[in-house]
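J.: Chains A and B, in that order, give the protein sequences.
Under our numbering, the first residue of the first sequence carries the number 1, and numbering increases by one thereafter.
Under our numbering, the first residue of the second sequence carries the number 1, and numbering increases by one thereafter.
Think of the hints as simulated: they come from the structure by calculation, not from any bench.
Cβ coordinates follow ideal geometry from the N, Cα and C atoms, glycine included.
Misleading hints may appear alongside valid ones.
Some chain B residues well away from chain A (every beta-carbon gap over 10 Å; in silico) [as the list claims (entries may be wrong)]: (1) Ala4; (2) Gln99; (3) Arg115; (4) Arg134; (5) Gly142; (6) Val210.
Taking lysine to aspartate or glutamate pairs in the EDC-like style, the calculated list, with each CA pair at most 20 Å apart, reads [to be verified]: (7) B:Lys171 / A:Asp106; (8) B:Lys197 / B:Glu76; (9) B:Lys197 / B:Glu179; (10) A:Lys197 / A:Asp208; (11) A:Lys197 / A:Glu179; (12) B:Lys197 / B:Asp223; (13) A:Lys174 / B:Glu76; (14) B:Lys66 / B:Asp84; (15) A:Lys66 / A:Asp106; (16) A:Lys128 / A:Asp208; (17) A:Lys47 / A:Glu135; (18) A:Lys47 / A:Asp126; (19) B:Lys174 / A:Asp223; (20) A:Lys171 / B:Asp106; (21) A:Lys171 / B:Glu76; (22) A:Lys128 / A:Asp223; (23) A:Lys33 / A:Asp106; (24) B:Lys171 / A:Glu76.
2 protein chains.
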Amino acid sequence: MSAARKLYDLAAADPDIRFSPFCWRTKLALAHKELAFETIPWRFTEKQEIAFSGQQLVPVLVDGEKTVADSQAIAEYLEATYPDAPSLFGGAEGHALTQFVRRWSDGVLAASLVRILVPDIYQMIDPKDQAYFRESREARLGISIEALAAERSQHLPAFQAALQTLRATLKGQKFLGGETPLYADHIVFGTLQWGVKTSSTPLLETDDRVSEWMQAVLDYYGDRVAL
Amino acid sequence: MSAARKLYDLAAADPDIRFSPFCWRTKLALAHKELAFETIPWRFTEKQEIAFSGQQLVPVLVDGEKTVADSQAIAEYLEATYPDAPSLFGGAEGHALTQFVRRWSDGVLAASLVRILVPDIYQMIDPKDQAYFRESREARLGISIEALAAERSQHLPAFQAALQTLRATLKGQKFLGGETPLYADHIVFGTLQWGVKTSSTPLLETDDRVSEWMQAVLDYYGDRVAL
């Protein structure tokens, strides 16, 4: 008997707040492949809990005998392992084009969001994670969390500018993948969901086309993605 | 007997300098579909030459009995009309994902380039086009050509920043389309070729991954795209 499918999923102090952009990609990818899974809430400093994966970050997927870490590696694994379920990419061409969306989402959209979100995330994570989070993020961004919080409003225009590409695309089609979502949708959704789950102020108007699309992604997968 | 396939292609004062980003997309798309064509050099103010197309901009493709204007409409036409030739998009999923690349190329990459290039383009177009070009571009950009030229260096960082998404993607694969170019490559190539053909200073280092990719696109189509 194989073990149930399990996903280690980053959680805030409140275990029902799951905010990792990369874990969201994986949860949507699992739902897209019509695979049942349970999530295990995990905190930044619980490195020992996922040591069996050979690295220290989530998402970590345990699929029966197989363990896979890293959201991109998990997506590739799911596409190769479950070829009869709906494709995450839409063939070799779609796979290649998805990489452009990924580079944009990580390099532009997430880069604009991180300076807005880090102070808010610091406030909501488990107290045992705060020292680790402060040290790692302040080193990465070269600024203290308090200084970042003070300049928050300065970083909103770059985020709004980044949204233009997404919004323009979605004005012409239901999903980035066309009539139904693909992994490109999961990537960008995950990045924005990170903001929705953690920002101390609303980042998107509810009547924004981007908000409508996020809701459509959630509606498409329904109960298959609970948190 | 059907007429030869003809493309009206924007030219500078020198008829061998073809610099329209949208005409470059179409030339590469025709080459991709393995369709022979001849180009007709056309200047901005030669509106009467393309009046038969029902509008005033190039590219205009005359394919036998059929006339199609607008690069995106031409790409859709070619994909539908020549389904047995290599696909421009890679199926419905690839078509949808290509729209994201198009919105990025038009809204970010071209938007960063236009303020760099307009003064240079003004210098190289046919003198009969200069009044039209000055009036239309100054109205669109809200600044005089001379003032734009004076602030040229201020606009280079936004262009360099935009290139990061493209460069990051191309570090992991040969073309945006994967192993071979797709219309997504044609779109971005066309935008950059507009810069290569008109900029008074080099925009890309020759050892830049983006330059290598542009050369690979040209090499892939070889003699099928002459200008």
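J.: Looking at the structure, which of the earlier hints fail to hold?
T.: 2, 8, 9, 11, 15, 16, 19, 22 and 23
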